[in-house]
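A.B. asks: All chains, full assembly: derive it from the sequences and hints.
First to last, the protein sequences are chains A and B.
Every position in the first sequence, counted from 1, becomes a number in the numbering used here once 254 is added.
Every position in the second sequence, counted from 1, becomes a number in the numbering used here once 3 is added.
Don't read these hints as lab results, they were simulated from the structure.
Each hint should be verified, as a subset may be incorrect.
No farther apart than 25 angstroms at their CA atoms in a straight line, the calculated lysine to aspartate or glutamate pairs in the DMTMM-like style are these [as the list claims (entries may be wrong)]:
{"#": "1", "chain 1": "B", "residue 1": "K536", "chain 2": "A", "residue 2": "D335"}
{"#": "2", "chain 1": "B", "residue 1": "K27", "chain 2": "A", "residue 2": "D320"}
{"#": "3", "chain 1": "B", "residue 1": "K27", "chain 2": "A", "residue 2": "E324"}
Being a predicted model, the structure only gives us computed values, none of them experimental.
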Amino acid sequence: MSEKPINYYVPSQSIWPTLGALGLLFTVIGAGMSVQQLGSNSSSGGWILTLGFIVILVMMFGWFNDVIDESQANLYSEQMDRSFRQSMTWFIISEVMFFAAFFGALFYVRNIAIPWLGGASNNAMTNLVLWPNFEAIWPLTTTPDGVKTQAMPWHGLPLINTIILLTSSVTLHFSHIALEKKNRGQLTIFLAITLVLGISFIMFQGQEYVEAYQHMGLTLSAGVYGNTFFLLTGFHGLHVTIGSIMLAVMLFRVIKGHFTPENHFAFQATSWYWHFVDVVWLGLFFFVYII
Amino acid sequence: MSTLVKNNNKKADIDDFDHAHDEKPRGIMRWLLTTNHKDIGTLYLGFSLLMFFVGGAMAMVIRAELFQPGMQIVDPNFFNQMTTVHGLIMVFGAVMPAFVGLANWMVPLMIGAPDMALPRLNNWSFWILPAAFSVLIASLFMPGGGPNFGWTFYAPLSTTYAPDSTALFVFAVHIMGISSILGAINIIVTIMNLRAPGMSYMKMPMFVWTWFITAFLLIVAIPVLAAAVTMILTDKYFATSFFSAAGGGDPVLFQHIFWFFGHPEVYIMILPSFGIISTIIPAFSRKKLFGYSSMVYATASIALLSFVVWAHHMFTTGMPLAAELFFMYSTILIAVPTGVKVFNWVATMWRGAISFEVPMLFAIAFIILFTIGGFSGLMLGITPLDFQYHDTYFVVAHFHYVLVTGAIFSIMAGAYFWLPKWTGYMYDERLAKLHFWLSLISVNILFFPMHFLGLAGMPRRIPDYALQFADFNQLVSLGGFAFGISQLLFVVVVVKCVRGGAKAQEKPWDGAEGFEWELPSPVPYHTFSTPPKVK
Numbered sequence: 255m256s257e258k259p260i261n262y263y264v265p266s267q268s269i270w271p272t273l274g275a276l277g278l279l280f281t282v283i284g285a286g287m288s289v290q291q292l293g294s295n296s297s298s299g300g301w302i303l304t305l306g307f308i309v310i311l312v313m314m315f316g317w318f319n320d321v322i323d324e325s326q327a328n329l330y331s332e333q334m335d336r337s338f339r340q341s342m343t344w345f346i347i348s349e350v351m352f353f354a355a356f357f358g359a360l361f362y363v364r365n366i367a368i369p370w371l372g373g374a375s376n377n378a379m380t381n382l383v384l385w386p387n388f389e390a391i392w393p394l395t396t397t398p399d400g401v402k403t404q405a406m407p408w409h410g411l412p413l414i415n416t417i418i419l420l421t422s423s424v425t426l427h428f429s430h431i432a433l434e435k436k437n438r439g440q441l442t443i444f445l446a447i448t449l450v451l452g453i454s455f456i457m458f459q460g461q462e463y464v465e466a467y468q469h470m471g472l473t474l475s476a477g478v479y480g481n482t483f484f485l486l487t488g489f490h491g492l493h494v495t496i497g498s499i500m501l502a503v504m505l506f507r508v509i510k511g512h513f514t515p516e517n518h519f520a521f522q523a524t525s526w527y528w529h530f531v532d533v534v535w536l537g538l539f540f541f542v543y544i545i
Numbered sequence: 004m005s006t007l008v009k010n011n012n013k014k015a016d017i018d019d020f021d022h023a024h025d026e027k028p029r030g031i032m033r034w035l036l037t038t039n040h041k042d043i044g045t046l047y048l049g050f051s052l053l054m055f056f057v058g059g060a061m062a063m064v065i066r067a068e069l070f071q072p073g074m075q076i077v078d079p080n081f082f083n084q085m086t087t088v089h090g091l092i093m094v095f096g097a098v099m100p101a102f103v104g105l106a107n108w109m110v111p112l113m114i115g116a117p118d119m120a121l122p123r124l125n126n127w128s129f130w131i132l133p134a135a136f137s138v139l140i141a142s143l144f145m146p147g148g149g150p151n152f153g154w155t156f157y158a159p160l161s162t163t164y165a166p167d168s169t170a171l172f173v174f175a176v177h178i179m180g181i182s183s184i185l186g187a188i189n190i191i192v193t194i195m196n197l198r199a200p201g202m203s204y205m206k207m208p209m210f211v212w213t214w215f216i217t218a219f220l221l222i223v224a225i226p227v228l229a230a231a232v233t234m235i236l237t238d239k240y241f242a243t244s245f246f247s248a249a250g251g252g253d254p255v256l257f258q259h260i261f262w263f264f265g266h267p268e269v270y271i272m273i274l275p276s277f278g279i280i281s282t283i284i285p286a287f288s289r290k291k292l293f294g295y296s297s298m299v300y301a302t303a304s305i306a307l308l309s310f311v312v313w314a315h316h317m318f319t320t321g322m323p324l325a326a327e328l329f330f331m332y333s334t335i336l337i338a339v340p341t342g343v344k345v346f347n348w349v350a351t352m353w354r355g356a357i358s359f360e361v362p363m364l365f366a367i368a369f370i371i372l373f374t375i376g377g378f379s380g381l382m383l384g385i386t387p388l389d390f391q392y393h394d395t396y397f398v399v400a401h402f403h404y405v406l407v408t409g410a411i412f413s414i415m416a417g418a419y420f421w422l423p424k425w426t427g428y429m430y431d432e433r434l435a436k437l438h439f440w441l442s443l444i445s446v447n448i449l450f451f452p453m454h455f456l457g458l459a460g461m462p463r464r465i466p467d468y469a470l471q472f473a474d475f476n477q478l479v480s481l482g483g484f485a486f487g488i489s490q491l492l493f494v495v496v497v498v499k500c501v502r503g504g505a506k507a508q509e510k511p512w513d514g515a516e517g518f519e520w521e522l523p524s525p526v527p528y529h530t531f532s533t534p535p536k537v538k
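C.D. replies: And the structure:
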């Protein structure tokens, strides 16, 4: 809240929100149809989904373009900047809750569902009558109805990825400091390194998935261990991908000479997002891989 | 008065704007491309009213089928789709958008802000809703039918036994969630950052306070819903087994995740009501709100408690005894802050110079009927009693008292209260009174006998029932049809009021307080480009 009255920038009419809603409509219809058409020959859903993505990309490009122009034209006040920062913070809180739900599922399955299937608490008959041979262990390498899989070890690729992601958070912080010190050279280099680290993380993750599917029998249908593994790491990987795209846009803008020590909300937001993704990974590495 | 906002990024246009007083774009493009909080508020309210009638029509189908025992009009699968989609539409399409619409209209006016913090994002949150609901409603016409697993979509009804169209339901819920989260972020940031200088948190109007807390609940709860539907999607289509014991999962896990979202969701649909009632009761009692700060703390307590009561929906599902006891006690605890609120409203009216215009009538009906819903909630919150009441019509009676005579009555009260401000005309008091009395009588004929049906053991969500329930069901159905038809009167009143009537003054209600009543009626298109002074 500011004490001196300032004009709060209220943008004029804009096509982008409406286009965004249209894009989401196509995406939802397309995604819904694609999922229903799994295993069949029809591909109409895929086309509508692609159209939806294209519309959303156009929307994001146009919308961000407007916002960047307005920002470069100094139309934004300090108060506006605060609105942006607070919005990003709340958005990240909502993302935290999204991951929290999947972590919650993991904890429930590990500590409650599987022990109960093994006869813990007052569930002795569940075990005896339904699956007498079931052994309640984690990682769940044999499901109650007998699907077998291997557990993903924490050393090897996951450890390398942990180091990569932690390093990337540090390099991004260095580039932020360079931005505040007006050192454009360092800013560009550290930002570029961060982006490269992000992309290599995604590639290693892909390699890990190939490994899991082809050699370890660890798939989406391999029971609840594979389910929690793939949904947690998958959604995390998706967030790293989004974060990398944001980093790429920031790199592009830095090269164009955008951002000053006083005015760099977009950079700040990307950085927050990246650190958030990093913290989620630490939780993942600990709860999904190590213990 | 100069109430214009710098509205364009081109300098020349700004000058034009300063000369053209209160210029607004014309035609359909005004609504499609708007960034104006008042336009977007109107869109939300209009959409919500439309969905109220769509969901209401489904309720009429349900009540027609239940008019007599035996299978009468629709087949059971279609009946299930009606109960499911009626619930989804009323929760996500009618009640929530109505509150967001009121927030869009009133929060900037009440805190002296020029608009919402992020006006373009605001329009996006709105237009996602028609997209989401067209997909949801279209799924009813797909082969195999639409969602038929109840609005709570318990696994395995929504996985193993679900219709083919479930994917569309899942993705529609996803984008409704996006809309809600973006809308909530916008409201919370507007409140935190755009208050007029001098308006500290503890000087904010109650409606703003309740929405502040509601927005927080939305931001924290809705992502959990997104995760729940995602797991339903992968369980149904990608062979995962989160909710299937054969793969090591557990269907009970679904209920925990769903209700972790679901219980805060329940308060998302009632906290803004508390704000509206706390605005209207003082205005027509011509007294200040009794116990403002206790109202704020009570609202915050209800919100925090809402995260630790979710398993009271699952007493009969099976839980360790300690969990049953914990969730029973935490549930009963909510009666304390809620009691504080009801006490404060009554204390506000005590020795007030009360007049009974329609907003006040709805507000008083709210207090009494919501309290009935609250008490039946307490009965349900007691674990051993819930074993008897669970999944009976008693539950249906309980949450309809809370949501229809609670949430929807408060929305009606708010609409009548602010209509003069929005349109510049007074609504037809005689017709509106008729609407109120018809609604009040019919809604009680509709929902009150459901308590008895439930206590006598009639299960919910079943298209047929035993003979002994026939009389009460006929009564309930008649009440339902009467309530449905009465709501058409509301449309008549609103349309009449938009088109003309007696001119409304700046402040048509003597006792009303706040910035919004210092503005002319109808409110200019742009307001508070410079923030008002807080007294």
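A.B. asks: Indicate, hint by hint, whether the structure satisfies it.
C.D. replies: Hints, verified against the model:
no. : hint             : result
1   : B:K536 to A:D335 : holds (23 angstroms)
2   : B:K27 to A:D320  : holds (22 angstroms)
3   : B:K27 to A:E324  : holds (22 angstroms)
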